[in-house]
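Here the protein sequences come in this chain order: A and B. Per our numbering, the very first residue in the first sequence carries number 24; after that it's consecutive. Per our numbering, the very first residue in the second sequence carries number 24; after that it's consecutive.
Honestly, I wouldn't trust all of these hints.
Note that identical chains are pooled: a pair holds if it fits in a single copy or bridges any two copies.
Calculated cross-link-like contacts (lysine-lysine; reagent style DSSO-like; alpha-carbon spacing at most 27 Å) [claimed, not checked]: (1) Lys47 - Lys132; (2) Lys44 - Lys59; (3) Lys77 - Lys59; (4) Lys134 - Lys119; (5) Lys134 - Lys99; (6) Lys141 - Lys72; (7) Lys134 - Lys70; (8) Lys99 - Lys47; (9) Lys72 - Lys47; (10) Lys72 - Lys59; (11) Lys77 - Lys99; (12) Lys134 - Lys59; (13) Lys132 - Lys77; (14) Lys119 - Lys77; (15) Lys77 - Lys134; (16) Lys70 - Lys59.
These are computed hints drawn from the structure, not numbers from a lab.
Residues per chain are reported as follows:
2 protein chains.
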Amino acid sequence: MTSLSATQASYPYQNEPSWSKSEKIVARAAFDAALKRELREVMREAKQKANGIKEPADVWELEHYLTERREDIDRKYDYRYSQLTHVFGRLLHEGKVSEEELLGLREDKLKLIRSFAKFLAEDTAA
Amino acid sequence: MTSLSATQASYPYQNEPSWSKSEKIVARAAFDAALKRELREVMREAKQKANGIKEPADVWELEHYLTERREDIDRKYDYRYSQLTHVFGRLLHEGKVSEEELLGLREDKLKLIRSFAKFLAEDTAA
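Let's have the full structure, built from the sequences with the hints guiding it.
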């Protein structure tokens, strides 16, 4: 993990990196952009699935899909600084956020983000 | 309630009317026709709502609508002979089944069905 600064030492979770003001701006923008893309995808997919409805089972399939997407998005988009490196790690792994969008974050965070993305990639491959 | 026949007297729920073979055929057909219409309505409504999606909130509104419709339909379409006069009473009240479709049921059942429909109408009006 990162070396502890004076601020971090007084923080209850000592392993969590602190986020500077400019990092928070980068994080918020990347987070919002990813969420927006994800929501657009659900909107597109919902329209497509609805247009393809031929029988009642297709309706409940659509409902199930929407419930799953909502729960997944709720779980995934957790904007707490204590969670954010995991959040971005997952989004990076899923291709929902790019490394470019994270430029401006300190190297300690990028390392944590990349390492969690790598962990998920290996976990998926296993 | 109805007067008890010999068969009904041995039946655990003495107030329930028994259903003859021909009544069961009428009931099944009316039940299935109403369910089919209801499901068609949900399919049509789902397509319409999906086409009208403009923002993420509309997607979750569609999900919520579908969940409610599914739960409502599950609750309403209960094909147990012990429930059937209530089921048809509700469908009659909601205009989901017509009196014509129920022709062939004995008067004791039609009375129960109409009386429950009336009760719901008064309940709604109150």
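message = Need the list of violated hint numbers for this structure, in ascending order.
response = The structure conflicts with hints 6, 7, 9, 13 and 15, although it agrees with all the remaining ones.
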